[in-house]
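Listed in order, the protein sequences are those of chains B and F.
The numbering of the first sequence is my numbering, which starts it at 1 and goes up by one.
The numbering of the second sequence is my numbering, which starts it at 149 and goes up by one.
Hints were generated in silico from the structure; no laboratory data involved.
Values in this document were obtained by computation on a predicted structure and should not be read as measured data.
Please note that a few of the clues may not be correct.
[Unchecked claim] Derived DSSO-like pairs (lysine-lysine); straight-line CA-CA distance at most 30 Å:
id, chain 1, residue 1, chain 2, residue 2
1, F, K277, B, K106
2, F, K272, B, K50
3, B, K50, F, K203
4, F, K192, B, K50
[Said to hold, decoys possible] The following label-pair restraints were derived from C-beta to C-beta distances:
id, chain 1, residue 1, chain 2, residue 2, range
5, F, L275, B, E76, 41 to 51 Å
6, B, Q146, F, R370, 51 to 61 Å
7, F, A435, B, E124, 24 to 34 Å
C-beta: ideal position from N, C-alpha, C; glycine also.
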Amino acid sequence: MHSVLIIGIGNTLRRDDGVGIVAAQNLSKAVGDPQIRIICCQQLTPDLAKDVSEADRVIMIDADQENGPGKVTVQEIMPGNHALNSFTHDLEPEMLLVCARELYGKSPDAFLVTGTGESFGFGEGLSRLATSALPEILRRVIDLAQIE
Amino acid sequence: MAVRVPETAINLRRIANLAQTIQSHALSFFYLSSPDLLLGMDSKPSERNILGLMKDHPKLARDGVALRRLGQEIVEILSGKRLNSSWIVPGGVNAPLTEDARDKIRTRIPEAMSIAQQTLDWYKTVLEKYREEIRTFANFPSLFMSLVTPNGELEYYHGRLRVVDSTGTIVDDQLDPTLYPNYIGESVLPYSYLKAPYYKSRGFPKGVYRVGPLARLNVIDRTGTPRAEEEWVEYRTLRRQAILSNFHNHYARLIEVLYSIERIQQLLEDPNITSTRVRVTAGANTAEGVGVTEAPRGTLIHHYKTNDDGLITWVNLIVATGHNNLAMNHGVLQVAKHFINNGQPITEGILNRVEAVIRTFDPCLSCSTHAIGKMPLDIRIIDNNGQVVSQLKRD
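The whole structure should be built from the sequences, with the hints applied where relevant.
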């Protein structure tokens, strides 16, 4: 049995930026496995380092603006070894792994699943395109978490 | 709505506010300011940050993470969310505290108390190293303002305003916060988007006042919890009158963390804290309302007017960063005048001290002054004729 931490990242008040949160919320309703913990946050911060260090695998779900609307990507994340351009309020995934390693001695397997949105203005609710990407995001996350 | 909020709801709101103070102060002290203190004001900006702290002082960094998590988790336990919760509602809160949830918070108190005390003990040992910064970081006479209880103790919610001067003498006490326009003026500066509030009876700009931890610990007669009281009594020996250096906001913040933990513990011991009577409801009975609390950074004033449907038609906010605007500008000037000498090059360490004095106020823009090695800053020395004689710019 391994423990999995799923982190939904985003701001639901900026439309498609909340796709990671919506995906994580959907998974919360569907997953009853006690080995899988699901949390949501607006951005990654050092406070998450302990949670990350306690998991065997971390899957982060976030919105993307770069890869073409509706596209879902999966990327393995390794701890960064250089100072990235980042605020203390808002860490890159690589730096969160560094925090976990430096503070708690463990940096688990980590993946970033992104769904590319098209609408990032003020407002609630996902665009049609981001909504259509949700099933694929969930499928990828479930595969990574090895959830039956 | 002009309703009377149930006492339990008031205390639950108090716990949420204190938890927010713990997490915000932990962010300010451990993440944003302790790199200056531990890695040095003159160290490289690429290393002088929370990541550098993790490498060189992992225990302190872990303690900071733990305190911040505690504050966030209490808010989450109470409201279901760490941010932007809709738990606090007109008339009270929308869910009571269960006994299980209360006990869950209680189990976290001893560790938090231990971290807060250890950090204070450590901080007091290093304070002497920063004499020059203490002397020059917004160290000037001003007024100080904060909410207090009727008997002069710390109060973050439902208090009355007290104002003291730089000698510690009470200027005004037990002011009704809802009448703030009677004693706070709001001026506009041509060079800033941020308004510049001032104490009306002293006029503009003489009526500069400060809010936040330093101000709170200057205006009170006592803290109201035993361990914080001991620390406050020791802290007050720094100066017989009001403590003026903004550098001591760091110290004050740590005492407030200890106080907040103790006060949460006290509030959780009240058997009525799990009462289910936590909200009263009513329609829109009044078209105007003012709410005043002590946010972590200082006094927070919200003033709203609504139409018959309860929709907002007019808003005025004075947030802590606004209250402190004049004082922050004065602080930057003081640091710049002290550390920038005629003919000497402006160094990275000097730029950092200009940032660091801002950080002592912990304004909303505090984190933006501490991006990892990326804080844009432009310092120009201008002579009597308005000519730039020296400039150091970081993009």
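Against the structure, the hints come out as follows:
1. F:K277 with B:K106: 35 Å, violated
2. F:K272 with B:K50: Between K272 (chain F) and K50 (chain B) the Cα gap is close to 28 Å, so the pair holds against 30 Å.
3. B:K50 with F:K203: Roughly 16 Å separates the two Cα atoms, so the pair holds.
4. F:K192 with B:K50: Holds, at roughly 27 Å.
5. F:L275 with B:E76: 41 to 51 Å: About 46 Å separates the Cβ atoms of L275 (chain F) and E76 (chain B), which means 41 to 51 Å holds.
6. B:Q146 with F:R370: 51 to 61 Å: With a Cβ separation near 57 Å, Q146 (chain B) and R370 (chain F) satisfy 51 to 61 Å, so the hint holds.
7. F:A435 with B:E124: 24 to 34 Å: 28 Å, holds
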